[in-house]
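Residue numbers (this note's numbering), protein chains in the order written: chain A, 1 to 256; chain B, 1 to 266.
Since the hints were derived computationally from the structure, they do not count as laboratory data. Since this is a predicted model, take the numbers as computed values, not measurements. Mixed in with the good hints, there may be bad ones.
[Unchecked claim] Within a straight-line C-alpha distance of at most 35 Å, the following computed DSBU-like cross-link-like pairs (lysine-lysine) qualify:
id	chain 1	residue 1	chain 2	residue 2
1	B	Lys32	A	Lys249
2	A	Lys16	A	Lys63
3	A	Lys16	A	Lys65
4	A	Lys239	A	Lys65
5	A	Lys239	A	Lys249
6	B	Lys243	A	Lys16
7	A	Lys239	A	Lys16
8	B	Lys243	A	Lys65
9	A	Lys249	B	Lys252
10	B	Lys243	B	Lys32
11	B	Lys32	A	Lys16
12	B	Lys252	A	Lys63
13	A	Lys63	A	Lys249
14	B	Lys252	A	Lys65
15	A	Lys249	A	Lys16
16	B	Lys32	B	Lys252
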Amino acid sequence: MRIDCNAFLGAYPWRKVPGTSPDALVQALERTQIDVAWVTHLPSLFWRDPTEGNAWLYETARKEKRLKPVPSVHPGLAQWEQVLADAANAGAPAVRCDPLYLGIEPAGGQMRVLTAACSAARIPLTLAVRLEDGRQRHPNDHVAELPAAAVRALIRSDADVRLLVTHADRGFIEEVHFGSTPEEARRIWWDICWIWGPPEDHLATLLETIGSERFVFGTGQPLRLPESSIAKLDLLDVKREVRDAIESKNVQGLIV
Amino acid sequence: MLVDVHAHFYHERTPRADWRERNESRLTAGAKIGISVHVASILGTFGLTSPTYFPSPRDVTVGNDALLALQRAHPDRIRGYVCVNPNYTAHARDEIVRCLDAGMIGIKLAASRRADDRLLDPIAGLALERRVPVLQHIWQHRRRDWPGQEASDATELCTLARRHPDVAFILAHIGGGGDWLHSLHAVADVPNVYVDLSGSGVDGGMLEACRESAGVNRLLWGSDITMDTGWAKLRYLESLLSKDEIALVRWKNAARIFPPGAFPTD
């Protein structure tokens, strides 16, 4: 079983990306033997109201059982609590909020209220550190990367919230993990898509220093080739149960 | 057969205390991936006693010596690019001759001098004379100067390549950061510039754009410092290209531009 907890559907505004339709994503899942993908509607991350893509997302996920919707929520818009309730009712495994894309403070009051609400609704909150390498972004794409301090602040702001942080590199993960209490760190899951394999062996190092239970399989597809996350695992020298945990079992702990 | 045209190794005179582990990790991962030959370079002392991208002549020699030692230790798996700093013209020329005579198979230019600078002409001349390719470190669309390097971009490499149409130039790490589409537009009509697919970038659409711009006859597989992303791109290409085309990218294009006998079975 392989679950991709970091995937998207729909066009990216800053460059041409192939394979963004539901059918194409399913083909990519077939090609890479991924059983399930948690998907967010990519275009709406850039809309003033990102939740306007959620209806299409739910409808698409209803038609394809391998796709699980991760709807966007904007805590600065009225009735955002309803968006959260809809997500819970729809069986969404998580909701997504990328505060810097929304133009709100990444650990400000609105994010803290959202964090508490996710905690109360027992639904994990997903945040991306970045979507693209900062060196290659479109000249007009000025959105800052999510700071590690924001993740530390959010996990401290509520005793029960669970965070899924995607597209983080080794330095970011270490800064948050060792800047948190063990209890706080246990409520953060990291997807592996941006962590380097050999010869730097960042993923192997993190599995050793932080523990494999904090890591989940994610790809960032179709912005990124899903083969990358699989290759990282294939290059690891770990027991089968560790790999199984990263590919599917750890994420169960996130959504319980 | 699989040739990695963009590899690096470390040595004891670098800031890396873990240099042995990193070298070993590259070879171990290479065996898993199926890499037949790592064509590598060492950029001086990687900052220990002179900057990585502006290595002193002494450090250039130290790095090249370390790579020659690795090549001798792993004659079946490691081949070398001789790294030079073009600002020291005489030393660069001497070092190229010395290291090619000792069995290296290419020239590595990092970021000590802009690629279109006339100081690179004698190096290109030597590359032609010895029939070796030049691997040029590239910042994909350099919009400004970056600290620590005098990086070149594809347009500057293409200027050099047009001055030396019989030399094979390798545009380094198309996935190594920056706007790869800018580079691919630049190289489209410059037939002696080859695109090295290495780098941490695994962007959806990048490989399709490489194929469209340079064509499969000018694509070279490589990893640089993230072998997982290199392997991912290779796997994706296997779904994108025919068997004959993938063989070109895996090794046949490399065998065409490196000296005869550079690789075991060519």
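Results of checking the hints against the structure:
1. The hinted pair formed by Lys32/B and Lys249/A meets the criterion: a straight-line CA distance of about 26 Å does not exceed 35 Å.
2. Distance restraint check for Lys16/A and Lys63/A: the Cα-Cα separation of roughly 26 Å lies within the 35 Å cut-off, and the hinted pair is therefore satisfied.
3. Taken as a hint, the Lys16/A and Lys65/A pair is honoured in the structure, with Cα atoms around 27 Å apart against an allowance of 35 Å.
4. Straight-line distance between C-alpha atoms of Lys239/A and Lys65/A comes to about 30 Å, which keeps the hinted pair within the 35 Å bound.
5. Restraint check: the Cα-Cα separation between Lys239/A and Lys249/A comes to about 14 Å, which is no more than 35 Å; the hinted pair holds.
6. Proximity of Lys243/B to Lys16/A is assessed by CA-CA distance (about 27 Å); at most 35 Å being required, the pair is judged to hold.
7. Of the pairs offered as hints, the one joining Lys239/A and Lys16/A is violated, with about 39 Å between alpha carbons and a cut-off of 35 Å exceeded.
8. With a C-alpha separation of about 34 Å, the suggested pair Lys243/B and Lys65/A falls inside the 35 Å cut-off, and the hint holds.
9. Straight-line distance between C-alpha atoms of Lys249/A and Lys252/B comes to about 42 Å, which puts the hinted pair past the 35 Å bound.
10. For the hint pairing Lys243/B with Lys32/B, the CA-to-CA distance comes to about 21 Å; that is within 35 Å, so the pair holds.
11. At most 35 Å may separate the alpha-carbon atoms for a hinted pair to count; Lys32/B and Lys16/A meet this at roughly 33 Å.
12. With a C-alpha separation of about 45 Å, the suggested pairing of Lys252/B with Lys63/A is violated against the 35 Å cut-off.
13. For the suggested pair Lys63/A and Lys249/A, the alpha carbons sit about 25 Å apart, so the restraint of at most 35 Å is met.
14. A hinted pair counts as satisfied when its Cα atoms are at most 35 Å apart, and Lys252/B with Lys65/A does not qualify at roughly 43 Å.
15. Of the pairs offered as hints, the one joining Lys249/A and Lys16/A holds, with about 34 Å between alpha carbons and a cut-off of 35 Å not exceeded.
16. Annotation: proposed proximity of Lys32/B to Lys252/B holds, straight-line Cα distance about 21 Å (limit 35 Å).
In summary, the structure is inconsistent with hints 7, 9, 12, 14 from the numbered list given earlier, while agreeing with the others.
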